[in-house]
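S.K.: Respectively, the protein sequence lines represent chains W and C.
Last residue of the first sequence: 286 (UniProt numbering), numbering continuous.
Last residue of the second sequence: 312 (UniProt numbering), numbering continuous.
Since the hints were made in silico from the structure, they are not lab data.
Among the hints, a few may not be true.
[Claimed, not checked] Taking lysine-lysine and the DSS-like style, the derived pairs with C-alpha atoms no more than 25 Å apart in a straight line are:
1) W:168 / C:303
2) C:303 / W:114
3) W:168 / W:114
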Amino acid sequence: MTTTTAPPPATHWATRAWNAAGLIVTAIIALLWLAPLLWAANTAFKPEGETTLIPLTWWSENFTWEAFEKTFIQSNMLRWFLNSTVVAVGVTALVLITAAMAAYGFSRTRFRGKGAVFAFVVAGVMVPPQVLVVPLYDEMLALGLVDTYWAMILPQVAAPVMVFILKKFFDGIPHELEEAARVDGASQWRIFWQVVLPLSRPALAAVGIFTFIFTWNNFFWPFLAVSDPDLMTIPVGLATIQSSYGLRYAQIMASAVLGGLPLLIAYVFFQRNIIRSIAHTGLSGT
Amino acid sequence: MATITAPTPAPATTPAGRRLPPWRRVPAGLLFTLPFLVFYVAFLVWPTLSALYLSFFNESLTGTRGEWVGLANWAEMFGDSAMWASFGNTLYFTLLTTPPLVVLGLVMALLTNRAMPLRWLWRMSFFAPFLLPASVVALIWIWLFQPGFGLVNDTLTRIGLAELGWLTEPELAMVSVAIATVWWTVGFNYLLYLAALQQIPQHLYDAAAIDGAGWWQRLRSVTLPMLRRTTGLVIVLQILASLRVFDQIYLLYQGTGGPGFAARPILEHVYTTAFTNFRFGYASAISTFFFALIVAVSAVQLKLFARKGPDR
Numbered sequence: 001m002t003t004t005t006a007p008p009p010a011t012h013w014a015t016r017a018w019n020a021a022g023l024i025v026t027a028i029i030a031l032l033w034l035a036p037l038l039w040a041a042n043t044a045f046k047p048e049g050e051t052t053l054i055p056l057t058w059w060s061e062n063f064t065w066e067a068f069e070k071t072f073i074q075s076n077m078l079r080w081f082l083n084s085t086v087v088a089v090g091v092t093a094l095v096l097i098t099a100a101m102a103a104y105g106f107s108r109t110r111f112r113g114k115g116a117v118f119a120f121v122v123a124g125v126m127v128p129p130q131v132l133v134v135p136l137y138d139e140m141l142a143l144g145l146v147d148t149y150w151a152m153i154l155p156q157v158a159a160p161v162m163v164f165i166l167k168k169f170f171d172g173i174p175h176e177l178e179e180a181a182r183v184d185g186a187s188q189w190r191i192f193w194q195v196v197l198p199l200s201r202p203a204l205a206a207v208g209i210f211t212f213i214f215t216w217n218n219f220f221w222p223f224l225a226v227s228d229p230d231l232m233t234i235p236v237g238l239a240t241i242q243s244s245y246g247l248r249y250a251q252i253m254a255s256a257v258l259g260g261l262p263l264l265i266a267y268v269f270f271q272r273n274i275i276r277s278i279a280h281t282g283l284s285g286t
Numbered sequence: 001m002a003t004i005t006a007p008t009p010a011p012a013t014t015p016a017g018r019r020l021p022p023w024r025r026v027p028a029g030l031l032f033t034l035p036f037l038v039f040y041v042a043f044l045v046w047p048t049l050s051a052l053y054l055s056f057f058n059e060s061l062t063g064t065r066g067e068w069v070g071l072a073n074w075a076e077m078f079g080d081s082a083m084w085a086s087f088g089n090t091l092y093f094t095l096l097t098t099p100p101l102v103v104l105g106l107v108m109a110l111l112t113n114r115a116m117p118l119r120w121l122w123r124m125s126f127f128a129p130f131l132l133p134a135s136v137v138a139l140i141w142i143w144l145f146q147p148g149f150g151l152v153n154d155t156l157t158r159i160g161l162a163e164l165g166w167l168t169e170p171e172l173a174m175v176s177v178a179i180a181t182v183w184w185t186v187g188f189n190y191l192l193y194l195a196a197l198q199q200i201p202q203h204l205y206d207a208a209a210i211d212g213a214g215w216w217q218r219l220r221s222v223t224l225p226m227l228r229r230t231t232g233l234v235i236v237l238q239i240l241a242s243l244r245v246f247d248q249i250y251l252l253y254q255g256t257g258g259p260g261f262a263a264r265p266i267l268e269h270v271y272t273t274a275f276t277n278f279r280f281g282y283a284s285a286i287s288t289f290f291f292a293l294i295v296a297v298s299a300v301q302l303k304l305f306a307r308k309g310p311d312r
């Protein structure tokens with residue numbers, strides 16, 4: 001699959017010059033974008049005594065794993081990682097199931113008041129969850145869920161935009177296939193599972209990947225919903241680092257690197273899928 | 001409810017006329033939407049209504065309903081200079097971040113949407129920061145913005161410029177946040193543009209090439225017009241995201257609102273009012289007011305989203 005808009009063969013020097021210029025500009029921006037990450041990693045590998053030298057140096061004679069070792073021993077990093085995984089996997093699974101079912105209901109079934117119910121759901125796309133933290137906290141308190149995984153997971157499942165995206169995708173699936181299944185006597189439920197869902201992998205991947213990233217990185221709500229250190233997710237736990245490590249910069253940067261690493265590693269595996277699924281799902285408005 | 005004997009073929013009965021158990025009488029389509037609707041009503045619709053409701057109470061601590069105060073919270077809010085200051089900060093942040101985030105996202109996508117050496121590396125560099133949690137971004141940028149041994153100030157002194165108090169000067173407080181934010185989130189817009197560019201049919205470029213159109217003409221007459229809808233969407237999504245800013249500011253300035261409160265956004269004002277001063281009723285009034293503003297912007301987003309694109 002060639003998805004790039006390859007330029008015409010570089011027949012004359014002007015095209016070559018353009019390409020070279022484009023490459024140089026790209027490399028400069030990329031360097032600016034990578035520098036903060038590289039500098040953070042560089043600091044993390046230095047001994048504490050060498051982190052605040054002026055003028056700063058990128059090279060050290062004494063690169064060490066010490067800051068990482070100390071971070072592992074002194075912080076709850078593994079526990080946070082586990083909590084983040086529980087919350088992000090839980091939310092992603094529940095979003096995929098509930099949103100896909102709802103989208104199928106709106107796209108493929110008929111019932112009285114469907115239009116009104118769909119409009120009611122679509123209106124929710126406009127509701128900014130961050131603005132609802134006060135009443136939501138009030139509600140969690142009333143339900144006795146503060147300081148539980150449920151408090152972090154349940155509210156994040158209500159993502160009407162995902163229903164909207166999936167419904168749009170389902171609408172584009174030709175009806176012929178399910179007609180054949182229906183003639184064979186398949187129920188709605190079987191058509192949903194065995195015909196529509198398998199055809200919707202790119203859309204489900206896009207919804208799943210982005211739900212996972214947003215949940216994994218969500219800070220504000222988990223920060224409010226949980227104060228028990230044993231339940232903190234990575235973003236919430238790392239927020240306590242700056243004050244507890246004070247001036248130990250190598251250790252602070254080691255924590256930052258460890259905190260950012262899981263999704264970066266996952267990205268390497270999903271790189272191709274991410275762009276493709278956005279394109280297929282029409283997320284970019286095309 | 002004795003409607004079972006309706007003359008029309010009621011969906012509540014099987015063709016044989018037997019009564020179905022209650023759950024079978026709910027239309028199948030509605031059953032499909034039900035699980036989602038439960039979450040939706042419980043955790044989105046209910047809090048929305050409850051924020052409005054709470055704003056009429058003098059609730060001080062959660063769990064105990066305060067007394068009805070009518071519009072007192074609302075009246076207080078409109079005269080609250082701290083609220084208006086944080087409102088202004090939020091608009092300033094939105095103004096600072098939206099143009100570079102949209103333009104840079106587009107430029108990055110245009111640069112890397114062609115065959116070129118090391119393309120995977122360039123794409124990864126632009127998108128990778130978006131994958132970091134806000135706390136990691138804050139830790140890194142606090143470190144970069146340090147005086148003396150911070151990478152940013154060190155670079156400035158090396159090229160002969162003066163050091164700046166990135167996190168200590170009120171005038172710079174929001175600019176620093178904006179820089180960190182552009183670095184952090186441009187990857188999302190970049191991705192949307194990249195996906196949109198790949199949807200542009202190659203034959204349009206071929207036709208333009210036959211007409212002898214150069215790089216600039218192809219950009220102006222094919223690429224940009226084809227990206228118009230995406231740009232509309234990216235701008236609206238960006239404005240919405242920027243208006244809701246909280247995480248990176250709260251973490252960069254550790255909840256202080258920055259030097260002279262110059263970087264306190266409206267959501268942080270809501271947060272402080274509710275969870276430091278424990279004035280839930282008043283915080284709900286501010287939330288609801290801010291909510292109304294965001295809904296107005298979102299209405300535009302929805303229109304862009306829902307519109308049917310040209311089928312290709």
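S.K.: Now tell me, hint by hint, if it's right for this structure.
M.R.: Hints, verified against the model:
As the CA atoms of residue 168 (chain W) and residue 303 (chain C) are separated by approximately 14 Å, the hinted pair is consistent with the 25 Å bound. Between residue 303 (chain C) and residue 114 (chain W), the direct Cα distance comes to roughly 20 Å. Compliance with the 25 Å bound is thereby established for this hinted pair. With a C-alpha separation of about 15 Å, the suggested pair residue 168 (chain W) and residue 114 (chain W) falls inside the 25 Å cut-off, and the hint holds.
Checked against the numbered hints above, the structure violates none of them.
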